[in-house]
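Single-letter residue listing:
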Amino acid sequence: MLTQALFRALDKKAVWVIGIFLAVAVLVPMANLLIPAGQFGHVPTYMVSLMGKYLSYAILALALDLVWGYCGILSLGHGAFFALGGYAMGMYLMRQIGTRGVYGHPVLPDFMVFLNWKELPWYWFGFDNFWFAMAMVVSVPGLLAFVFGFFAFRSRVTGVYLSIITQAMTFALLLAFFRNDMGFGGNNGLTDFKDILGSPVQAQSTRAALFAATAIALALSVLICSLIVNSKLGKVMVAVRDAESRTRFLGYPVEYVKLFAFTVSAVMAGIAGALYVPQVGIINPSEFEPGNSIEVVIWAAVGGRGTLIGPIIGAIVVNLGKSWFTTTLPDFWLFALGTLFIFTTLFLPRGIVGLWSQVVGSRRTRRVSDAAPPAAPTPVQSADIERGEDPASFGNGTQAKPAE
Amino acid sequence: MSTATDTMLYLDGVSVAFDGFKAINNLSIIVKPAEMLAIIGPNGAGKTTMMDIITGKTSPDAGQVLFDGRTDLTRLDEAAIANLGIGRKFQKPTVFESHTVWDNLEMALKKPRGIFATLFYTASDADIARISEILETVRLIARKDELAANLSHGQKQWLEIGMLLAQDPKLLLVDEPVAGMTDSETEETAKLLREIATTRSVVVVEHDMSFVRDLGSRVVCLAEGSVLAEGTLDQVSANPVVIERYLGR
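So the protein sequences, as listed, match chains A and B.
FYI, in full-length UniProt numbering the residues of the first sequence are 1 to 404.
FYI, in full-length UniProt numbering the residues of the second sequence are 1 to 249.
This is chain A alone, in the form it adopts within the complex (with noise of 0.2 angstroms):
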């Protein structure tokens, strides 16, 4: 049964798209600790944690795309799944600190200190724990969708008032992050790590095995999307996203599909979170701005949604040209950003992937009808052109369809 699944799960697309990130995995940290400074092909190591950083972006994006892109469900809500995860990977690392803060406090956190706390609050406990933490990074962002999304499907909450309840969700979070008396550091967050797992934080090679994490978390994000998206149960989020009625008619539980998509979803959001949170060295609420969540759709927009490859493009794309705009034009930034994001709904609605596929596309079907001018393609042929394509595309007219 699973291997059944595993085997759909493993189609051509997607068995390039892990083989890459798993190579990345292995070549950019060697390319780091191995190649001298200096040397060519060497890659510095300020470089590895930025692109650690997009790397978990793009599971970010990954993630939203299973919502979005293959459920209809425009959450703008899920940097507050990253960030949740985040906080518990930083909550880890606040423990680890133990006596090396300025107030050389053994159990309490400096900002506790600093506000005359006497003990350690009861949800910081276990978070000395490595894998206690971990655990709370699934399961936190994952039990707060699973609630939330019980409640928002069952009253059936829809389209754009679903939209607006998930950015009241992580607006909510951030005002709530950002009072002292929560005991997360308040606006200053949690910072000034020092370990993880007994490494430094900071070191060389602690950045690299992250940075490794970090590829292999998304290669295997990128094979449990496409179980899901290539099973029956991924053909019917599709259906959902086009016809949800109809599909409730068929006799499917249309709440639990949504439910399943966006709890897999918070817990793909919540581990890239937690992979973000050591390779920047902080998290504080400003990551569940409203405008994070938002700007986590336009990555997924750009790299074209409903698609596996998209949203990871997306991420790193857009990212690549915040950095360089903050550094060069930090001005112009939100400008470019909204620019882009206009720019692609209406001219590219089905993103860079969909760009890429109708040029291909449209170069294969002028090739078959070289070939055989009056004839039309085949059931067989029309199928390939159609399997070439996006397997979800977005209903009418947006793709190219097979010449007939």
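Hints listed in this document are in silico derivations from the structure and should not be mistaken for laboratory results.
It is possible that some hints are incorrect.
Distance condition first, Cα-Cα at most 25 angstroms in a straight line; then the derived DMTMM-like pairs of lysine to aspartate or glutamate [to be verified]:
id, chain 1, residue 1, chain 2, residue 2
1, A, 13, B, 145
2, B, 57, A, 244
3, B, 191, B, 136
4, B, 111, B, 97
5, B, 110, A, 110
6, A, 12, B, 97
We have chain A already, so just place chain B on it with the hints.
Leaving out everything else, chain B in the frame of chain A:
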């Protein structure tokens, strides 16, 4: 209650109002197992609302809706009702356009609908044979790998009928199946529905009188939310009230 035994669908005294407008008014209809019933009536007579009530999309203000003589449909949601064995074809053909014809049928096929059962589903040989058989019946076997979006209007109607068959329902509700079909397609559809009605109950809503004649079934004429006349097509169309309220216009 005793009258409800031996029926596939039993509507008794059903009423529903939208903002004071009585869309359905004290409607009573009975459909027996393996029986076909055609419903005609002017626009706004409540035909689609009646289907909405049966399939759980709308809940009635009053009255009894029983399936198979015992299950109260007013308490269940759409998915639960569909899984009981009631299939519905909509007025506007709604197939899943970004899926292939084959995938449309595979999704409709009667199988466990749970999340994990669906996630790990692999089509068995029997499933593949059944889907191929349905594709033959609805004449779409040559286009099985094409996207449903590329089908013609009539083919989409047929695909939707095929999806109904794949669901293996005991009761089919078919809303205007021949809208937009050519004459020969209409005849074929009547033949197909008659064939289906030998083993299952079928309720057809249609405006096309020659098609209703082809069905050769019992006819109910609805107007303003209740039954105006009932009988064979000839009896109903000879009824002076029906002529005045529906046919004459």
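Verification of the supplied hints:
1. 13/A with 145/B: holds (19 angstroms)
2. 57/B with 244/A: This hinted pair holds, its Cα atoms lying about 13 angstroms apart.
3. 191/B with 136/B: Within the cut-off at roughly 15 angstroms; holds.
4. 111/B with 97/B: At roughly 21 angstroms apart (the allowed maximum being 25 angstroms), residue 97/B and residue 111/B satisfy the hint.
5. 110/B with 110/A: Measuring from Cα to Cα gives roughly 60 angstroms; hence the hint is violated.
6. 12/A with 97/B: holds (24 angstroms)
The structure fails hint 5 only (numbered hints given earlier).
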